[in-house]
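Now for the letters of each chain:
2 protein chains.
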Amino acid sequence: MNIMKFNRKLLVLSHKALIAIGVMLMVTVCGEPASKVDTTSKHPMLVTTANDLVEMRQAIKSKGLFQQAYLATKSDVDALIQQPIVVPVPKDGGGGYTHERHKKNYQFMYNASLMFQMTQEEKYLQYVKDMLLQYAELYPTLPLHPKRKMKSQNPGKFFWQSLNEAMWLVYTIQAYDLIVDALSVQDKTTIENKLLKPVALFLSEGQPSTFNKVHNHGTWATAGVGMAGYVLDEPEWVEKALYDLDKSGKGGFLAQLDELFSPQGYYNEGPYYQRFALLPFITFAKAIENNEPQRKIFQHRDSVLLKAIDTTIQLSYNKLFFPINDAIKSKGIDTIELVQGVTVLYSQTQDTGLLDIAQVQDQIVLSGDGLRVAQAIDNNLSTPYQFKSVAFGDGADGQQGALVVMRSELNPEQNPHGSALLFKPASQGLGHGHFDKLTWQFYDHGSEIVSDYGAARFLNVEAKYGGRYLPENETYAKHTVAHNTVVVNESSHFDKNLDVANANYPKVNFFEHNQFGSVSSAQIGTAYPEVLLERTLALVDLPKLNKSIAIDLFAVESSPPAQFDLPLHYHGQLIETNLTLDANTQTLSALGQNNGYQHLWLKASATPEKGLAKVTWLHDNGKFYTQTSSVAGQEAFLFTQIGANDPNFNLRNEQSFIRRVTDKTSHQFVSLLEPHGEYNPSKEYTLQATSQLSELSVEQQGVLTLVSFTLADQSYLVVVNKATNLQGTQEFKYQNQPYSLKGRLTLVELDK
Amino acid sequence: MNIMKFNRKLLVLSHKALIAIGVMLMVTVCGEPASKVDTTSKHPMLVTTANDLVEMRQAIKSKGLFQQAYLATKSDVDALIQQPIVVPVPKDGGGGYTHERHKKNYQFMYNASLMFQMTQEEKYLQYVKDMLLQYAELYPTLPLHPKRKMKSQNPGKFFWQSLNEAMWLVYTIQAYDLIVDALSVQDKTTIENKLLKPVALFLSEGQPSTFNKVHNHGTWATAGVGMAGYVLDEPEWVEKALYDLDKSGKGGFLAQLDELFSPQGYYNEGPYYQRFALLPFITFAKAIENNEPQRKIFQHRDSVLLKAIDTTIQLSYNKLFFPINDAIKSKGIDTIELVQGVTVLYSQTQDTGLLDIAQVQDQIVLSGDGLRVAQAIDNNLSTPYQFKSVAFGDGADGQQGALVVMRSELNPEQNPHGSALLFKPASQGLGHGHFDKLTWQFYDHGSEIVSDYGAARFLNVEAKYGGRYLPENETYAKHTVAHNTVVVNESSHFDKNLDVANANYPKVNFFEHNQFGSVSSAQIGTAYPEVLLERTLALVDLPKLNKSIAIDLFAVESSPPAQFDLPLHYHGQLIETNLTLDANTQTLSALGQNNGYQHLWLKASATPEKGLAKVTWLHDNGKFYTQTSSVAGQEAFLFTQIGANDPNFNLRNEQSFIRRVTDKTSHQFVSLLEPHGEYNPSKEYTLQATSQLSELSVEQQGVLTLVSFTLADQSYLVVVNKATNLQGTQEFKYQNQPYSLKGRLTLVELDK
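Top to bottom, those sequences are chains X and C.
For the first sequence, numbering that gives the first Met the number 0 assigns the number 0 to the initial residue and increments by one for each residue that follows.
For the second sequence, numbering that gives the first Met the number 0 assigns the number 0 to the initial residue and increments by one for each residue that follows.
These are computed hints drawn from the structure, not numbers from a lab.
Among the hints, erroneous ones may be present.
You can't tell identical chains apart in this list, so a pair holds if it fits in one copy or across any two.
[Said to hold, decoys possible] Straight-line C-alpha distance at most 27 Å; calculated DSS-like pairs for lysine-lysine:
#1 187 to 122
#2 295 to 246
#3 187 to 41
#4 146 to 721
#5 506 to 187
#6 328 to 387
Chain X extracted, bound-state conformation (with noise of 0.2 Å):
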C-alpha cells in the first residue's frame, strides 16, 4: 500500500518523473524496446525504498544538509557522468589501477542511479545502465583474477580476493534496485543473466568457504548475495544468506550477529575491522528489516546490531578508533561505514546524542534515514554524546576476556577530548589479532602518549609490499615486544602461534568506574608455559591537581627463573631521566635476534638504584609525561628505537624503553604515569617540564593493595580491594588512620 501511496504522489508531483517517461519512450523509437516504469513495483527496495524517495525528493528543495549533501553528490555525478566509461579488464592487485577503477566503478553506479531517482534525469539511468550492460559483457569472459592469492582467501574476477567482489556486489545491486524499473526486458535480462545472478553465485556456491565462514569476509558475501536474493526474486538466496548454504544455520548472517560480536556489540577483531565489519551488516539488516520487518532483524539477540554501532564509537579517542591488533591508525569514526551506522543507529533509536557524532563526520547520507539525521541536525537537536568508562566483554558470551576503556574527564575546558586508558585483557581477534595480552595504551589532551604501533601496512602503496600487510607486521607489529605488556625470556605471548592464541584468553578479574575513577585487573596464565600474569591498572581522578594520573601494577610469576621484560612505547622525544645512561653514541646493535626484537636499535641503557626511576617525554601536544617507576634495584632500563633489521624502510621510527628484569621467579613492575605541564615555544612559555612526584610505594594488606604517592607535595592513597567477592564496606588502617572502601577503588588525600 506504501507503495501505491509512493507512485499516486509521483505522478502529481513530479514533473521530472514525466519528462523521464517521455525520454524513455523516445529512447523506445530510437533503439530498443523500453518498459514504462512499473506502477506496480516494489523496487527500490532495499536500504532506501519508494517511500523514503518521496521525502527525500521533497527535502532537496529546501536548504539543509540534505539538500548540501544531495548538492554535492550530483556535481560530483554530472562531472563523472562527462567521462567514459571504463570497466578494464582486471589485471591489478590492491591499489593498482584496474582494482581501484572496479572500486569507484561500484561507487559510481551506486551514487549515479541515486541521482536518477532523485532527479529522474534520463542521463543518469544511461549512464548506470551502460555500465552494467559493459560489466554484463566483460564477467562471462573472465577467469579467475590473475593476482590471485589462493592460499589465504578466495579471489574474485574483477577482484584479486572475492571480498572486493562482495563489495562490488554490496553497491551494485543497490544501484540495480534504483533503476531496475526503468531498463528495457532485454537489458534486465542481459544485467541479471550475464552479470548479477553469476555474481552472486560465484560469491555464495561458488565459494562455500568464505560463504558460510562466520567471519566478515562471510559477512559482505552473505549481505551481497541476500539482498541480490531480494532483488531478483531469488528468497531462496536470502534464506541461504541468512542461515549458510545448507540452511543449517551454523554460517550466513544470524550466525555471525550471534557469535561474531560479543552481548555488548564488541567484535573480536577490534574497532579497526568492527567499522569495516559493520557495513555489510547494517546494509544487510537495513535492507531485511524494509523486505521482512517480522524477522525483527535490529532486535535480534537483544539489539546487538544496534549495540555494536555505538560499541564502535566508544571505541574512539578524539576522532581516531583505538588502534589494537591490525589497525590502520587514521582511521576514525568519520569512515563511511560508520557514518552509515550512526544514520541507523539515529533512524532506530533517536538517541540525540548520535547527532553529535554525526555532526563530527560531516557527512550526510543519501538514504531516507541520513534525511532523518539531517532534519534532526537542521532542527538543533543535537545533545552531547557521552563516551563512557566500560569493559566490552569479548567472545560470542561476553566472557572471553573483555578490551577495557577508562576515561576521565577533568579539566574538560583545557582537556576536551579528557584522558583515556586503553586496557586489554580481550581475546586474540583471529587472524589480525596481535599478541599482546594485557596491554595498554593512554590518551591525553587528544593524542595518543602510550602508543600502539598498530598495523605495519601502508594500505594500497604498491611500493610497500603491493599495499598489503607489510613483512614486519608479522616480525615485529604483531609480536608483544611491539605492545606494552610483559614478554617473557624475549619470546612472545603463545608462542605466536595462531591456534594456541585464539583458544585462550585472559580472565578479567574486575573492572569497576566509580566518583575517583576506574580499575581494573586481569590475569592470565596461558600466554606462557608456567607463568602467570595479573595486570591492574587504574586512571585516578585527582582534583585538587585537576589532572589524572595512571597506575600500573604488572605481577609476573614464572616456576622457572626467567626474564621478564615490560616495554612503554611512547609518542614524543625524550627530555629528561633521573637515570644514569649508558649511551650507545657511536655505534647501535639490534636488541635481539627475533621475535620483535630484530627491529630494535639499543639507543641506551639504564640499571638504576633502589628508589623512583623516571622517564619524562614531551609529546607533540606540548604537553609532558612522566612514567615514575618504583624499582629496587632490580630493573634495567633499555632505551630503544625502532628500526633495525628494516632494510626497506618500511617500520616508523618510534621509541620506547623497556624495563627488564632477569633471573627471576617473581616481580611486580610498579609505575605511575603522570602529565604535567606545557611546553609553547610560539607563546615562549614552558610550565612543569618535570614531574612533581616525590614518592610511590606499594603494599598488601590482605585484599587490598594500597599505592601511596606524594605529587605536588600532596600525599595521596590509592587503594584498590582484589577479593575474588566483593562484600560491604572494607575497613582498613593506614598509618595508623583508620579508612574504609566501598567497591574496588578508592583515593585518599593524606594529611601531612
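Knowing the structure of chain X, use the given hints to seat chain C on it.
Chain C in isolation, oriented as in the chain X frame:
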C-alpha cells in the same frame, strides 16, 4: 589640545571616572594622600594615547572584536588581581620559577593598567601600584642575577640576562604611563627614583656595550630607556636611545633601523629573530610618532620599518616562519610581536590585505591601532593577503646576498597554501646564523617537505640544557651537513668560523618571477678555499598537470680534487627508491667524526648506475614526493638518520639522504622534485604513489641551460638564461625546432 579635548569628553562621558576619583579621594582619607586626575597631564603618551582611550572606552560598549578582546583581557585580569602579588627574589634562569614570574608580572602590570584606563576602576590601579611599590622595594637590594652568564651577554638583576630586563622595562614603563596620573606624589617619587630611573640607567649607562650595540638586544634596551625618557620627562634619554650614549649616531635606535634591516626590510638574522626584534622597534617607533611626529619615524629610510613588518609576514608559509638559522619551528605569524606589527602597519597603511593576516592571528591589541583593525574586520573590509615571490636583499645595502622566496599557487582549491621554495644565498646573519650558504627548503600542501632542522633547543625546558640552545646546536644544527647544500670534504662552510662567515656572502646572479614560475641563481667562492659553489633553483608551474615542480642544479668546482656531499633532509617516511640499497640492518655507525657528521647514523647506501635515481617519501600530509637525480654513475646515495652521539636524546631523529661524489674537481648535481599522488588510508584510497618522471637531462647552450624532462607522458623543456646581462629575446634551437626566450625562464611543452 587633543589632551584637553579628551579630558572634557571624559568629564562628560565617564561616570566611572568620577567614581574612580571618588575612590581615590576616599583613599586619601584612609591612607596616604592621592593626587587627583591631572587634567593637564600628557599621560598616557606611548603606544596608547589619551585620544585613543576615548575611542577605546566608547568601542567597548558595542559588540565586536574589540569588545571581545577587552572582555577576554578583563576576565583574565579580574582573575589575576584576586591572586596575591608575588615579586620574588631573583633566583632562577630561563624557564625557572622566578624568571617566569617576573615575565608574567610585567605582562600583568601592563594589562591591569590598561584595564584601569578602560574601566577607571580603582582595583586595577591598586594592583599595579602595589606591584610597582614591591618592585621599588626589592630593586635597590638586588645584586646582579645569580644565574648570570657574564661571558655571553650583560646580566640583569631581575633576570639572568639584561635582554629580559629591557623587556621588563618596555612593558613596565607603558604600565606606569597608564597609571601615573592617579598616583600620589610620594608613590610616584618612590617608584621613579627607586625603580624606574635606576633600571633605565642600569640598562643604558650601566651597560653601554649592549645599549649601543646595533643588535636586537640593543633595540630592546633603547626602546625601554627611550620610552622611559618620554614618560619620566628625561629628553636626554630619548636622544641617547636614538643616537647612542655619546649621541654620535654610531649606535642607538636609528643606527639599528639603518643597519639591521635591508632596504626591503629583511632582517639579517632571519624571520624568527626578525619577528622578535620587531616588537621594540614598533613599540618605540609608535611612541616616537605619538610624541615627536616631526621625526617621521615610520617614514625613516623609505619606510623601512613598515617594510620590515610586511617582510616578516612574507617570510612565512602556512602561518609558520621559514625556520632558517636559529629558529624555533613552531613560531609563526600569530606571535604577539607580529600581531602588534600588523596592527601598527594597518594603522599606517590601511592595506586591507593585512586584515586577512589579522584574522589568522585572531588577536586584537587593546590600543587605538588595535581598535582600527577590529573595526575594519567587523566591517568586512578584509581582502586576501598576497604572498609573493621575492628575493629579499640582505645586508644594510641589500647587496649582501638575498633570501629568495618562490611561490606557486596552482591548484588553490586542493592546495590552498600553494607550494613554496625557499632559497638561501643570504649572508650569515650573525651569531644565530647557520653555515648553510645556498641551502633550500620546499613547502607544499601546508607542510615542510624538504626541511631545515632549525635550532637545536627546547625553549625554557630546564632539563634540556636549561632551556638554552643545546650543545647540539653547535655540533649539529649550525653545521652545513644539517642543511640542504654542498659540504666539501666533510667540513662546514667557512670552517664554521663566524667572523669569516660574517665577512663573506654569496652573490645573487639573478632572480626572476614570471608566468612560468620563478628562477634564481647564486654563487659563493669563499665558503671554502679554492671552491666555487653555484646553485640554480627554479619552481616551475606545469598547468597541464596542475602541479609545480622544483629543479635544482648545483655546480661545484674545486681546484684540488675533493669530496662533495649534497644532503636532502626530508620529512616523511621513505616509501620507494629505484636503487639497490645496501642497508645496515644489524648495526649502525655514525657517518663521520665531526662537523655534524658524527650525529648522523648511516642507515643504508647505494651507488646507482647512469640514469635516474629516485627517492620517494610520504609526508604526514598524505602526499608523496619524489626527488629524482640524473646521475652518471658517480654519485653515491647515503641514507641517514639524525641521532648518533646524542647521549641525552637532544636531537630529533629526522631523515635525509646525501648524494656524494669523491675525488672530483667538478660536478653538477641535477635533480627534480615532484609532488605526486595521495595516501588516504582513512578513506581507503591511494593515488599515484609512484613518480611519473621518466626522463631528466640537462644541456648547456652558451648562456642557456636547457633542462628537459618527461612527466606523466608529457615532455617539457625548461630553459634558464644565465647571461650576466640580459639583452632582449634569446633565440635557441632544441631538437631542431626554433624557440625563443625573453627573460630568465621559460617552459616549453614538447610535442612527442
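So, going through the hints one by one against the coordinates:
| no. | hint | result |
| --- | --- | --- |
| 1 | 187 to 122 | within (18 Å within a copy, 84 Å between copies) |
| 2 | 295 to 246 | within (19 Å within a copy, 93 Å between copies) |
| 3 | 187 to 41 | within (15 Å within a copy, 91 Å between copies) |
| 4 | 146 to 721 | neither (54 Å within a copy, 51 Å between copies) |
| 5 | 506 to 187 | neither (56 Å within a copy, 74 Å between copies) |
| 6 | 328 to 387 | within (21 Å within a copy, 37 Å between copies) |
Hints 4 and 5 from the list above are not met by this structure, while the remaining hints are.
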